[in-house]
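Residues per chain, in single letters:
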Amino acid sequence: MTDITQTNEGEDQDKDPVSGWQVFFDDPGMLTFLGIASPAIFYLMWGVMEILTVPLAGY
Amino acid sequence: MKSLQEYFTCPDTGLKFHQPVIALAKANIIAAVVYLLAGGLLGIGVALTRWPAIHLLPSEYFYIFLTGHGAAVLLFWIHLFSCGIAYFFCTTPINARLATPKLAWVCFWMMVIGSAIATVMVLTGQATVMFSAYPPLKAHPLFYLGVILFAVGAVGTNFIILATIMKARSEKTYKGSMPLATFGVMTYAIIGIFTWVSGAIIMIPTWLWSMDLISNIDPQMYRLIFWGLAHSTQQMNIVIMITIWYTLAAVLFGARPLSEKVSRTAFVLYLFALQFGSAHHLLSDPGTSFAFRTFTTSYAAYLAVLGSLLHGLTVPGSIELAQRRLGLSHGLFEWLRKAPWANPIFSGLFLSLVIFGFLGGITGVTMSNQQINMIIHNTMYVPGHFHGTVAGGTTLAFFAFSYWLVPIITRRKLAYPKLAQYSIYLFGLGMATFSLFAMAAGHLGVPRRHWDITFADAVLPFQFPGTVQLLMGIAEAGVMVSGIGALFYLLSMFGTFVGKVVEKGAAQPLAEPAGVVAARMHGGTEPAHGKGLEVPGSLILAMVLLIFLAVYYYAQYKYLGTIWTIR
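Those protein sequence lines, which keep their order, are chains L and V. At position 23 of the first sequence (counting the first as 1) the number is 302 in my numbering, and the numbers step up by one without a gap. At position 29 of the second sequence (counting the first as 1) the number is 329 in my numbering, and the numbers step up by one without a gap.
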């Protein structure tokens, strides 16, 4: 197996500064809201509305 | 104040575990492995029946086996295992405690009891409705109750994961942005909430219908909402599989994402767009408009495809960069040629990536196109596709992750390491074979749900060409090979769980000093060092995947054109 023990020590020190984009998506509450709203609206609600509006057979 | 006894620090890796997470992870993995064994045996029965030269089971047993196989592996194996490792991802990388261990145990037992009830109903022939359980097929009420119990336990787990992350965030147990592995499992939990709530919305009325408490379940409404559950459960698999890829790349090579921002964006794309893919099950159904089908499957879902392509570049890219830093920098692919292919943790990671990308991923993209879907809908192409994702992709990643995590949390050396090594190749190549040849048979129109493709008792006889018999034979032979691989995995896991406890060195074959792995899991972007292309090999691999996708897409349309020739 490759020897990998010598190259990565102290690597925490060279982290990039965290961008605003990353901070924005780090918020679990906000991400949960958006992540559930998106498929709920564009898949479930839209699909249910379409099926409910299918005209009934005329017999 | 946190008590030190609450935690266990692995002497091999330096990873710090909240004690309840260890017990929960072990329990979930053991339960999952039991279902892999059961589901695998049932799958062998299905394969030996679909193998035209053998055609083992009579029809009533075939459908029992098929239903049991789908439930045991697609739901119970995958999600019990996912829950177990998700507890690890939401605690250890961010130095967190699990929010509510007692509730987590309640969820675990709900999942175990629910899955056991459903399995008994299937095996006793009282729920022969296949995995999808479409009405008007009706199962015993206990089958639906079992599935509902399982779903409630699973959604509880997802809420616990989110609560744990929120608590850690408010207690500031980690600095800066959360590690990518934790971000990945947060995405998994959010998708999980949508998934299991969709399940409750449709399974509870269906349960009432099975008891004759309500008169009717609209089949089309059932299909729409059911696939919000069933397809999204497979999206959860994808997210946890990719989280595993990043984690194993980190612990094996010290690899870190090429760009945290890009990798997170890919996860966010999954979160917003992956579930739209559920609509590809409805592409041949009446009831929904062209706009709905096309927006969900052919436009919005491509955002998720973009996410997959990003992961497909950044995971091997991060490994390549780490390997090049170690001196494996000659040519385009020395980093890959000299990778530890004998280590099942690495081989499982990489084969999972390749099989998922080339077989599961690309075929999923193309079959989500309404026109192309018409030529393969409800054929063997569909099992070929999803065995490329769920078995060749996710299950193989789970094998690899087990070989890393189980020795650490059990403090036992990995048993039968040679079997572990072979298990990856046998299972991966066997599943890839099944996937490829089943898809080829699907292109020739072989139905996916029919017990007898010779249609021996049909009023109107039909015979497939001899090629189909050959394709199906090779595909099912692939299942036998992968079954041997799965058996080796099960033996290795069983041997590890009952093996002798060791103080140090359990985490072999990693064998790295304490603190190194823990430091790697804290995340961060790989800093740029050189000029020009730093990961040329991975870029070429990603371009090959992209070109393969384009050519495959074209080939599918060309095939469509030959079927519907206008003269």
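Treat the hints as calculated values from the structure; they're not laboratory data. Fair warning: there could be bad hints in the mix.
Covered by chain L, according to a simulated footprint, are these stretches of chain V (three or more residues, beta-carbon under 8 Å) [said to hold, decoys possible]:
no., stretch
1, 323-332
2, 371-379
3, 483-493
Some chain V residues well away from chain L (every beta-carbon gap over 10 Å; in silico) [as the list claims (entries may be wrong)]:
no., residue
4, Ser477
5, Gly631
6, Gly773
Nothing here was measured: the structure is a model prediction, and the numbers come from that model. Backbone N, C-alpha and C fix where the C-beta goes; we use that ideal spot for every residue, glycine too.
What are the numbers of the hints that this structure violates, sorted from low to high?
1, 2 and 4
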